[in-house]
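**Q** Each chain is listed here by its residues.
Protein chains: 2
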Amino acid sequence: MKKVKTLFCFLLFLSTFNVNAQSNDSAIIRNIYNFSLTNSSCYQNLEFLCKQIGPRLSGSTGASKAIDFTKSLLTKAGYDSVFLQPTMVPCWVRGEKESASIQVNGKNIALQICALGGSVKTPKNGIVAEVVEVKSFEELANLGRKAIEGKIVFFNRAMDPTKIETFGAYGGAVNQRGSGASQAAKYGAVACVVRSMNLRIDDYPHTGAMRYDTTYPKIPSVAISTFGANLLSDQIKANNKLKFSMKTNCETKADVLSYNVVAEIRGSETPENIILIGGHLDSWDLAEGAHDDGAGCVQSMEILNTFQKLNIKPKNTIRIVLFINEENGLRGGVAYAKEAALKKEKHLIAIESDEGGFTPRGFSIDASKTQIEKIVSWKNLLEEYGLYDIRKGGGGADIGPLKDQGVPLISFKPDSQRYFDMHHAATDVFEAVNKRELELGAASISSLVYLIDKYGL
Amino acid sequence: MKKVKTLFCFLLFLSTFNVNAQSNDSAIIRNIYNFSLTNSSCYQNLEFLCKQIGPRLSGSTGASKAIDFTKSLLTKAGYDSVFLQPTMVPCWVRGEKESASIQVNGKNIALQICALGGSVKTPKNGIVAEVVEVKSFEELANLGRKAIEGKIVFFNRAMDPTKIETFGAYGGAVNQRGSGASQAAKYGAVACVVRSMNLRIDDYPHTGAMRYDTTYPKIPSVAISTFGANLLSDQIKANNKLKFSMKTNCETKADVLSYNVVAEIRGSETPENIILIGGHLDSWDLAEGAHDDGAGCVQSMEILNTFQKLNIKPKNTIRIVLFINEENGLRGGVAYAKEAALKKEKHLIAIESDEGGFTPRGFSIDASKTQIEKIVSWKNLLEEYGLYDIRKGGGGADIGPLKDQGVPLISFKPDSQRYFDMHHAATDVFEAVNKRELELGAASISSLVYLIDKYGL
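Listed in order, the protein sequences are those of chains A and B. For the first sequence, this note's numbering begins at 1 and goes up steadily by one. For the second sequence, this note's numbering begins at 1 and goes up steadily by one.
Be aware that a few hints might be false.
Chain copies aren't distinguished; within one or between two, either way the pair holds.
[Unchecked claim] The calculated lysine-lysine pairs, modelled on BS3-like cross-linking and capped at a C-alpha distance of 30 Å, are: (1) K379 - K369; (2) K218 - K454; (3) K315 - K76; (4) K163 - K454; (5) K374 - K163; (6) K135 - K374.
For the record, the hints were derived by calculation from the structure and aren't laboratory data.
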């Protein structure tokens, strides 16, 4: 009986302890959200990044300005250290705006295209050739060289609208953009046109990275708007000898020296342990990179601002990294991981925000079962802020190279429904970001960082 | 031992039964989402409602056209019954666009205002008077008649940005709009200006219903944009004798005959049991009423379309109601409940969609503990579609009058972050609705209706 009583007392103590700890955590998390929704500077920082700087493709003036701007902001804030981490980055330039057209009943119909990042350009007078539509690499292979040689291949497999998480739909279609050109060149195609990675029907082409398999000739590769893709498909059905004209002006220049921007608040107890949060500062050239990934950068910066302004002293070092070159090379992410390994740095966790500045939904975690369970156990503190969806899943591109060093990875998951309307297209502008959604994202990540710092992993 | 074995077998049977039932439900719900995301007509119906018809204030031509359009659509679809349910509705008209200004250093500064629905107009030459800013009715009462008489009262309590659910923030501010005029008139004010119910700072005034307490004189009442409210507040701080000029041209005309639009698929087993789903067809006059509540109407219509096209035969009658006059009178909701009582109709449930066409989050349920628990037990089927937030809470305005008849009520809960950017303002247009978000909402409600029809409540 005494044993039972002791156990009971112990359990009572534990539960009281838990209730107190939790109610204290609950109050601090409430403060974090209050701060974010009333006093954060992430929205105005994003406005500057989008409207005063604009597109920030690796190697561009915009990218350099963004590095200077964010470094200067972080330095002025007086964090414990702010530094640049050098890396060479590719420098691909679009040149003059692309053009494309088809002839229908003797009438010229212009189509909206854009070169894919990394593509070679067409000859000066452009390319005119018959166009063959396929939905997959298998279909292409079945058609074979006889049907493809000398022609333009049009990859028109749409993103699957029935995937609830739109990143799944992206994953199911993006190999057309990444490898379509070389797959087509394998059978003698002279150019490649890819349906934009966009779930919406509109007239904006979406760019993005493509890679050449050097076994085959490098042929020009472009994205066509979803509206244009549907129109082109209809016209091919009506005329299987339809010719497609296209002209692009892009080229790859010599690599350029660029930088990750790093800032940290040093830990008060175990400064050697690092909690890393990051987004990427580079964007595609067609828009302002507001959701992709201005949002992730200003949210990362906001974590430090929140800890500083609320006077939360972390036990571990909170470090943010604004990575360079996520879009077309991942050189920033790779350089960061390389240096971390060299310096034998210990990362408790690496968190990435690169899925847009939308309303928070949760976190996906690439870590051990025990670590995932620990994070999931904080759900009761986070659910009232809409963070219901906390589970095992992928990390992120820029933090990915840290996985080999055994670092647990977390990707912040905002709602994904609108992301691909804007992703890599001219529509990804500041006006497409809702202030509250952006701020809630910053608060969500800050709260998670607070809990990881306090309880470890 | 035998007992244990029997129990074990029974439990095994139960769990197998559950797994089979659940996997069948899971497949049907998957079909519902697939249909919604690929073949639904709710987005095109919303486009027609917004772009071909436009504003639909009760008593207006737009409202009549919307009734004709939806009735005709539902009739063409061949549902078991489609009918109009008559009710008289108020007819308030805005007249010529309002104007307002202040004089700062001899310069005229125009401010964006709009009359509140139900307000009387100013005299022909407008009203010019000193303006007094208050944040609450208490502050107004403390100032008293001496400070208020002959002046314009400016209610400038902002919606609280720290509320995560924005409807809570709305609830905390909207009494200024609803009762501000009479509260001000009580102390001799000549007009009332209310900060727009908007969490964003922009230059769009947001209208909405106001009511007079007939104990006091009816004074003109307007909303000012949040940008204008901040500017006005700053100028009052600089000059406490600041005069505000305003002119409005609105008036209330005689009541007009109007209608709820009702359609149903009759139940195959217990047709006398009704599952009701509704939204409201009327909107404010300043915009297209896309989110408020075109979205709820086209989603309600989509439930019937989904059941019909997927050949799901409900046991109970599925009835949709497109209510009239939610915005400024609730006459449609009241008339519906009155007739339901007269006919002794039995509603299993009433579900409302009137919080915008945003990404689904869950349902709030106003029902008995047992009923709520039953609905919550379906979470495992609904969570993968983002419906995490299923819990006790309020029903909706139009279905509210059914509560007295003991009908359980459910409100569909989409994400609330962007709603008040557009609510009752010129920004509530078709372009502000994302197709997938709208379709996911329709699928979410259809899935819930499917489960309620199958398992009862």
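**Q** Evaluate each hint against the coordinates.
**A** Status of the hints after comparison with the structure:
1. K379 - K369: both (16 Å within a copy, 24 Å between copies)
2. K218 - K454: neither (52 Å within a copy, 58 Å between copies)
3. K315 - K76: Within one copy only: 23 Å inside, 67 Å across.
4. K163 - K454: between (37 Å within a copy, 26 Å between copies)
5. K374 - K163: Classified as both: same-chain Cα gap 29 Å, cross-chain 28 Å, threshold 30 Å.
6. K135 - K374: neither (43 Å within a copy, 45 Å between copies)
Of the numbered hints stated above, those contradicted by the structure are hints 2 and 6, listed in ascending order.
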